Structure formats: C-alpha cells, structure tokens
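Asker: Spelled out from the first residue to the last, the chains are:
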Amino acid sequence: MKLFWKIAINLFMSLLSLAFLYPFYWMIVNSFRTQEQMLRSPLRWWPEEPTWEAYRSIGELGGVSLVSYVTNSLIVTIFATVAAVVMTAFGAYAIYRRPDLPLFGAISGIFLVSMMYPAVLLVIPVYILMFKIGLLGTYTGIILFLSVIPILFLMLLQFFRSIPTELIESAKIDGASELKVVLLVVFPVAKPILTTVFLIGFLLTWKQWLPVMTIATDPDHYTLPVALLSLNSELGVNLQSTMALSALTTVPIVVLFLLTQRRIISGLLAGAVKG
Amino acid sequence: MSKTDYWAPALIPGDSRQGALQQVWANRTLYVFIFPFAVTMIVFGIVPIILSIYVAFTESATAMSKAPTFVGFENFRSVLSDPQFINSLWSTVLYTAVSVLLNVALALGLALVLVGPSASRFSTFYKLALFLPVVTPEVATFIVWKWMFNQDFGAVNAALTSLGLPTFGGTTTNVGSFSILVVVELWHHVGFYTLVFLANLQLLDPSLDEAAQIDGAGKLKRIWLVWIPQLRPSIAINVVYATIEFLKTFTAVVVITSGGPNFATNFVSYYAYKKFDLAQYGEATAMATVLFLVVMAVTLIAYYFNERRDYR
Chain G
5 MKLFWKIAIN LFMSLLSLAF LYPFYWMIVN SFRTQEQMLR SPLRWWPEEP
55 TWEAYRSIGE LGGVSLVSYV TNSLIVTIFA TVAAVVMTAF GAYAIYRRPD
105 LPLFGAISGI FLVSMMYPAV LLVIPVYILM FKIGLLGTYT GIILFLSVIP
155 ILFLMLLQFF RSIPTELIES AKIDGASELK VVLLVVFPVA KPILTTVFLI
205 GFLLTWKQWL PVMTIATDPD HYTLPVALLS LNSELGVNLQ STMALSALTT
255 VPIVVLFLLT QRRIISGLLA GAVKG
Chain B
44 MSKTDYWAPA LIPGDSRQGA LQQVWANRTL YVFIFPFAVT MIVFGIVPII
94 LSIYVAFTES ATAMSKAPTF VGFENFRSVL SDPQFINSLW STVLYTAVSV
144 LLNVALALGL ALVLVGPSAS RFSTFYKLAL FLPVVTPEVA TFIVWKWMFN
194 QDFGAVNAAL TSLGLPTFGG TTTNVGSFSI LVVVELWHHV GFYTLVFLAN
244 LQLLDPSLDE AAQIDGAGKL KRIWLVWIPQ LRPSIAINVV YATIEFLKTF
294 TAVVVITSGG PNFATNFVSY YAYKKFDLAQ YGEATAMATV LFLVVMAVTL
344 IAYYFNERRD YR
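Going down the list, the sequences are from chains G and B. Per this note's numbering, the first sequence starts with residue 5, numbered consecutively. Per this note's numbering, the second sequence starts with residue 44, numbered consecutively.
You may find that some hints are simply not true.
[As the list claims (entries may be wrong)] List time: in silico SDA-like cross-link candidates among lysine to any residue, alpha-carbon distance up to 20 Å:
#1 Lys10/G with Thr167/B
#2 Lys10/G with Ser163/B
#3 Lys189/B with Tyr29/G
#4 Lys189/B with Arg48/G
[As the list claims (entries may be wrong)] Where chain G lies over chain B, by a calculated footprint (3+ residues, C-beta under 8 Å):
#5 65–75
#6 249–263
#7 328–341
Treat the hints as calculated values from the structure; they're not laboratory data. None of these values were measured; they are calculated from a predicted model. Ideal Cβ placement from N, Cα and C applies to all residues, glycine included.
With these hints in hand, go ahead and build the complete structure from the sequences.
Answerer: The following block contains the structure:
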C-alpha cells in the first residue's frame, strides 16, 4: 500500500512537472522550425531540419538591432537590482531595528499600500511624474522606478528578524556605532541572503515591461520583453520570430535560475530560520 | 517568530519620555539608512498613486493640461453607471475568487506532498518545474501559451485531436477565454505559493506531529488537525497575496485575450488601460481608484481577521 502511494504520487508529480515544463520545450523546438512545418504538425518533438532562420529574422526589430535590446535589458536589470538591494537592505534594517521610531511605521504602512495599487494604472501618472522631474525617456528614470521591489523588502525584513538580537546588542555594548554594526556584524551574516535577494531581484526586474514601455519614449530604450510585446501586437502572424525572441528572453533566465536554484529556493525556504 | 522579540529593542526605559525630535536625533544613523529607500518608494510608489487619484477628479479633456477642471465625483458617477464597468468588475471578482481558491488549494496540496517522504527522491526536480514559470518573463511565456492554444498551430488542440477528443474553442468563446487565463495564470503563480507553504511546513514544530503520531492519529488526521491549523498564518498570507495579485491581472489579458471575446475577460485593469488609450483619463483613473479601494478593503478585512485570531 505504501509503495502504491509512493508510485502514484511520483507518477502524478512527474506528469505535472513535465506539463509545467512543456511550454518551454515547445517554444524552443518551434523556434527552429518553419511556419509550414508548424501548421502540418504542431506537436513534433524534434525539428525536421533545424533552421536558424527565425533567429536571423529578429536581428533587427522596429529599426533597432537585437543587440540594443539585449544591452538595455542587462543595463536596466543590473543597475536597478543593485540599487534596490542596497537601498532596501539599509531601509529594512532600519525598520527592523526600531519599528517604533517616528515615521518608520508610516513608511512601512505606505509601502504596503503602494503594493496594492494596480501597477498598470500608474502608466499615466508615472509618465507625468517622469516628465516633470525630467527623467522621461532616460535609463535613470527606468532604473529608479524599477528599483522599488517590494518582495525584497519583505524577505530582508524577515531575515533581519531571525538574527539573534544578542549579536547586535553585544556589539552595541562594545561601543560599536550603528554603521559599524551594520557593516561589520549584520551584513556579513546576511551575505548569503543578500546574494539571494540580488538574484531574485534580477529575475523579477528582467521581466518588467510596462514601466519600461511607459518611461522609454523610443525603441532605443526598450528591453527584451517590451520588444517582444511589440512583436506580439504587430499585425500578421510571425510565429517563428516570436518563438525565437521569446526563447532569447527566457533562456538566460532559465539558465541563471537553474545555476542558482539551490540558493534561490533554499533562500526562500530557509532564509528566515538559518542565520 | 514571536512578536515580542522583534519589538524588544525598542523597550529601553525612558524612551517613551523622550520627545519625538530627540528620538529622531538620537537615531539619526537609522534615518540616514532609511532615507534612500523611503524617498524612492515615496516618489515612485506613492506620488504616482496620489497623482492618479487626483486625475480621477478632473475632466478627461483637461486632465493633462496645466489647469485641469475639477468635476468632483463626476467620473466615479459615470464609471459606476457604466454597465460595462460593472460587468468588468464582476468578471474580475469572479476570476479572482476562482484563481485564489485554485492556486492556494493546489499549492497547499503540492507542498504537503513535497514535504512528505514519498516524493523526496525527485522533490528538487518537482520544485524546479513548478517554480520555473514563476521566474521566467511572463510576456514571453504567455505568448507561448497563446500560441499553444491557437486553433491552427496550437499544441493543445493537436493533442486533443490525437487523443480523439473534441477540440477546444480557445480564445474564441467566453468560457474558453476565461479558463485559459485561469490555467495560464495558475501555471505562472502556483509554484510561488507552493514554496511559501513549503517554507512554513518546514518551520513547523515536529514534536506536535510526533505527539499526535504516538497518540495513534493517522496521516490524514494529522494533516488536518496538526499541520493545517499551524499553517493558518501562511494560508492567510497566501490568500491575501493571491487576492491582490489576481485582482490586478493585466499582462495575461494584454498578451492572450485582449479582453475578449465579447468583453468576457475585460478585467478592470485592462478596461481602464483601454480608457487611457481613448484619452478618457478621468474615467480610467476613477476605475483604478475603485479597484484600489476593493483591493484595500479585501486586504484590511483579511488582515483584521488574521490579527484578531492570532491574539485569541
């Protein structure tokens, strides 16, 4: 009976897992096929004669080279994530240390409220705001806007709460300043979680499209997901190019995730209990 | 995890008698720490919301000008008397209810399976497969799904046909369109909720389970009476988080259904976005504000109940 359940559970989980992975597989296989081949047999497991045609066709999109979209994605994602991790780590630490200080409660309250507003509806106000502060159509504007990543705050706060208070208190008693405590006691302990938070921030920022589309005024500043979306809304069916660009947008993330999954998953799982 | 622990550093004698300003000065380093975070959050998180609510009270034609005309609640009145918006609101609520229920229930089930010994050998593979859709860019994966459900190229209908089953209408029917969004978004989100449950399951005190086991309680009974009650806070968190997430559903609609057919998936975010396109800024932001209030209300109610039960 026990064995039966074991087999049944594993069979179910395997089928479910393969179903979850299938869209990725379908995307990659079909990015190496032609439209006619697709129409004939949508379910093929392997391309008839693998062709790079689709990848060649996206070398330039909307008058902008693919290289530019890739570079934009990298620049925006890396800078926004670094900014987010640094600002959020200090902010979350301060709130963890003294949640009772004047304004601190308000700041975390405001933070929760801002998570609830439908991001899509910020399109116009963000546009106006960026225009007013002169950051419309700039990388700085895009990066600053993307450097607010709510989940990082929650993760860091959770982590700081798990640090034994004696660690901080004893450093304080030894006469260390708050800055020293952070830099020499807290952040070294937090190094693994800071890396994890960076990786998660990277994954989340890479996929952003609406703020980028809003703040960028021309395709020269578009990132990969935005380019993909404009390809999707173009008239006419160009399935292969869409699959090729989807694969280019997705595969780096899949690779990064698989390389660091232990970190990301265990960070999410155990970040709060381990120190 | 207890709440008192984290408040503890604050309870230094004499603190309460200090003036606010004195307190700020004494902790100026912490204020310096929080400053960049607070400023970016306020400027890019809060100011746009306030601007958006402000626009909701102005006439659309003048909203973008230097001196907008205030019209009071006119936009709200017009939005709330628009049958299409009421439809949109209801379909959003229905969609959210269905999705939250499916996501949280499935995630809880999957987490209970993953934490158990039966699935332990391949649990890393299962976790990876479930979590991959969470981290991959949804614009890309939703486009793939859109094509998989396509009538001519799609893998879904091809698979159904090869199994001798009737084909699926996909995005051409109301129910089809709605269900595609439910399925695709489940695929996208459920791994996240599963991991949250899994994390909390691993934090559980094993002694309770052992005690129940010694008392002769069966597996299902222990799950129901020992594990689920302990998971209540994380169920609450997942429900609230999922509710916020699904009420705001937007990307999937943009990519897959464009609100159709017959406005069946014209959820509030998307409808408001369309209003923007038509330069009806006042109506669009009024819709945004209504949705925001709904989200706030849901969250506050859930929070209130959860807090109250915590201190019972």
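Asker: Now tell me if each hint is right for this structure.
Answerer: The hints, checked one at a time:
| no. | hint | in the structure |
| --- | --- | --- |
| 1 | Lys10/G with Thr167/B | holds, 16 Å |
| 2 | Lys10/G with Ser163/B | holds, 10 Å |
| 3 | Lys189/B with Tyr29/G | holds, 15 Å |
| 4 | Lys189/B with Arg48/G | holds, 18 Å |
| 5 | 65–75 | holds (count 6) |
| 6 | 249–263 | violated (count 0) |
| 7 | 328–341 | holds (count 7) |
The earlier numbered hint that this structure contradicts is number 6, and it is the only one.
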